[in-house]
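Hey, can you work out the whole structure from these sequences and the hints?
Listed here are the chains, written in short residue letters.
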Amino acid sequence: MAQTKERRIRCDSSSAAETVADVEELLTKILVSVPPRSLVRFKCVSKHWLTLISDPGFFRRQTHQKSKISGFFSSKTEDEFFKSIALRDREIPSGNPFKTINDSFADGSKLRILQSCNGLFLCHIPIVDVLEEGKHHPLYVVNPTTNQFRALSCPSSEAWDPFMFREERLGLVSATPPVPLVVKNIPLDFGSCPTEWPRLAQRYFGESGGHLYLIETYQHSLPDSNNAFCCLLPLSPRGKDNEVEDSSTDDVLLLMPGKVIYYNLRNNTFKTSVEFANKKLF
Amino acid sequence: MVGVKKKMVTLVSSDGVEFVVEKRVAEQSLFIKNALNEGGVEEKVMIPIPKVTSDTLSSVLEYCEKHASATEFQENEIEEWDKEYIEKADLDLLYYLLQASYSMSIMGLMELGAKKVASLIRGKSPQEIRELFNIKNDFTPEQEEEIRREMQWNYE
Numbered sequence: 001m002a003q004t005k006e007r008r009i010r011c012d013s014s015s016a017a018e019t020v021a022d023v024e025e026l027l028t029k030i031l032v033s034v035p036p037r038s039l040v041r042f043k044c045v046s047k048h049w050l051t052l053i054s055d056p057g058f059f060r061r062q063t064h065q066k067s068k069i070s071g072f073f074s075s076k077t078e079d080e081f082f083k084s085i086a087l088r089d090r091e092i093p094s095g096n097p098f099k100t101i102n103d104s105f106a107d108g109s110k111l112r113i114l115q116s117c118n119g120l121f122l123c124h125i126p127i128v129d130v131l132e133e134g135k136h137h138p139l140y141v142v143n144p145t146t147n148q149f150r151a152l153s154c155p156s157s158e159a160w161d162p163f164m165f166r167e168e169r170l171g172l173v174s175a176t177p178p179v180p181l182v183v184k185n186i187p188l189d190f191g192s193c194p195t196e197w198p199r200l201a202q203r204y205f206g207e208s209g210g211h212l213y214l215i216e217t218y219q220h221s222l223p224d225s226n227n228a229f230c231c232l233l234p235l236s237p238r239g240k241d242n243e244v245e246d247s248s249t250d251d252v253l254l255l256m257p258g259k260v261i262y263y264n265l266r267n268n269t270f271k272t273s274v275e276f277a278n279k280k281l282f
Numbered sequence: 001m002v003g004v005k006k007k008m009v010t011l012v013s014s015d016g017v018e019f020v021v022e023k024r025v026a027e028q029s030l031f032i033k034n035a036l037n038e039g040g041v042e043e044k045v046m047i048p049i050p051k052v053t054s055d056t057l058s059s060v061l062e063y064c065e066k067h068a069s070a071t072e073f074q075e076n077e078i079e080e081w082d083k084e085y086i087e088k089a090d091l092d093l094l095y096y097l098l099q100a101s102y103s104m105s106i107m108g109l110m111e112l113g114a115k116k117v118a119s120l121i122r123g124k125s126p127q128e129i130r131e132l133f134n135i136k137n138d139f140t141p142e143q144e145e146e147i148r149r150e151m152q153w154n155y156e
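Heads up: the protein sequence lines correspond to chains A and B, in order.
Quick note: the first sequence, position 166, residue 166 per the UniProt record's numbering, numbers continuous.
Quick note: the second sequence, position 82, residue 82 per the UniProt record's numbering, numbers continuous.
Watch out, some of these pointers could steer you wrong.
To be verified - Derived DSBU-like pairs (lysine-lysine); straight-line CA-CA distance at most 30 Å:
1. B:K115 / B:K136
2. B:K124 / B:K136
3. B:K115 / B:K83
4. B:K66 / B:K5
5. B:K51 / B:K66
6. B:K136 / A:K47
7. B:K88 / B:K124
8. A:K47 / B:K115
9. B:K88 / B:K33
10. A:K47 / B:K124
11. B:K51 / A:K47
12. B:K51 / B:K33
Said to hold, decoys possible - What the simulated footprint calls covered on chain A by chain B, stretch by stretch (three residues with Cβ under 8 Å from a Cβ of chain B suffice, anywhere in the stretch; the number is not a length):
13. 18-27
14. 30-39
15. 43-57
Note that these hints are calculated values from the structure, not bench results.
We put the beta carbon where it would ideally sit given N, CA and C, even for glycine.
Below, the structure is given as structure tokens:
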């Protein structure tokens, strides 16, 4: 293998690059390694790139990339703001991105991380006031990379019709992006419903098929009255022209006490999937 | 080359240069491995490698040689070697290596090259990407604006 040859002058690198980008498998391999922040911008490159990057399969490949965790955040420090703790010998970017977020609250309120997913945090500000306790806390999705946070606002009451989906005791309020689509319950002044705020039964903050979901299930003290409260945050644009797409990809499976229901995000319809014989188990 | 006679194969680059390498080195490429299995001929095997020039092939084989004896090294030694190997490849060679790794089915090299390209293009603007890869912007200004708006709240 002792081949030493003068390196020939090759044609310019852009044509070599072009050939690489023409092979879809190679392009995908490259793009899955590009950090999400750049990737989002690359959606503007061309229709082909947009399709490639928006594909749920691509997203799965990207999130399944073997990545080493460089550190984590902890809010339980004496400094009372989030502290990044480095793992191994990896470096944490200088400066604490959370300090500015904390400072931006004039009353000195501190955010608390509830859950995290794909580099985003779900946070809230704990309410100290006893009278306010039990009320629905405002939630924030925080992106520590960009130092941005967005409040998940509760839909306004006039947009909310408690008589919708009475059977399922679920309601829907939609809003145009970037305000998240909210599936909501919480009956207001609704006949036999209790006056107290419902108790949070479970909370899910996660990514599925390229979309970020926040799903909260509430439970009233009344027996058999169950409500789901679901916020949907699209991470990738849902094109208007892709209605031919299999609508089953827009199904969210919700585990409600006693049953599992399908909620279709596109049609806003519900379908009971399974009903459990022994409701106490779930 | 001492002791046991090693099985050798001859690879021929697209510009006609012959490379005589150990079979276990060549077999880092699944393309070659399959070709050898199908052929079944033991002696004097000659495998043409289309579309891969001698410059690129020589570099590819350097990678294959190292990885054929990867078991002799610690994992981080190989990692370090990979890093240096891909670092020293100039831009042209990098793209040629990627193409070669694809056509010769050398997964590790493909992964390594793709990661390197990814690190080079991160942070670039869509226009810079189009120029680099010679891609035509086929969006209407309205469509582009819409995508920009929709992605705004994620990161911008």
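Evaluated hints:
1. B:K115 / B:K136: 24 Å, holds
2. B:K124 / B:K136: 16 Å, holds
3. B:K115 / B:K83: 11 Å, holds
4. B:K66 / B:K5: Roughly 20 Å between the alpha carbons, so the hint for K66 of chain B and K5 of chain B holds.
5. B:K51 / B:K66: 23 Å, holds
6. B:K136 / A:K47: 9 Å, holds
7. B:K88 / B:K124: 22 Å, holds
8. A:K47 / B:K115: 23 Å, holds
9. B:K88 / B:K33: 28 Å, holds
10. A:K47 / B:K124: Distance ~18 Å between K47 of chain A and K124 of chain B Cα, so the pair holds.
11. B:K51 / A:K47: 29 Å, holds
12. B:K51 / B:K33: Within the cut-off at roughly 18 Å; holds.
13. 18-27: holds (count 7)
14. 30-39: Answer holds; 9 residues pass the 8 Å Cβ test.
15. 43-57: holds (count 8)
Comparing the model with each earlier hint shows no violations; every hint is respected.
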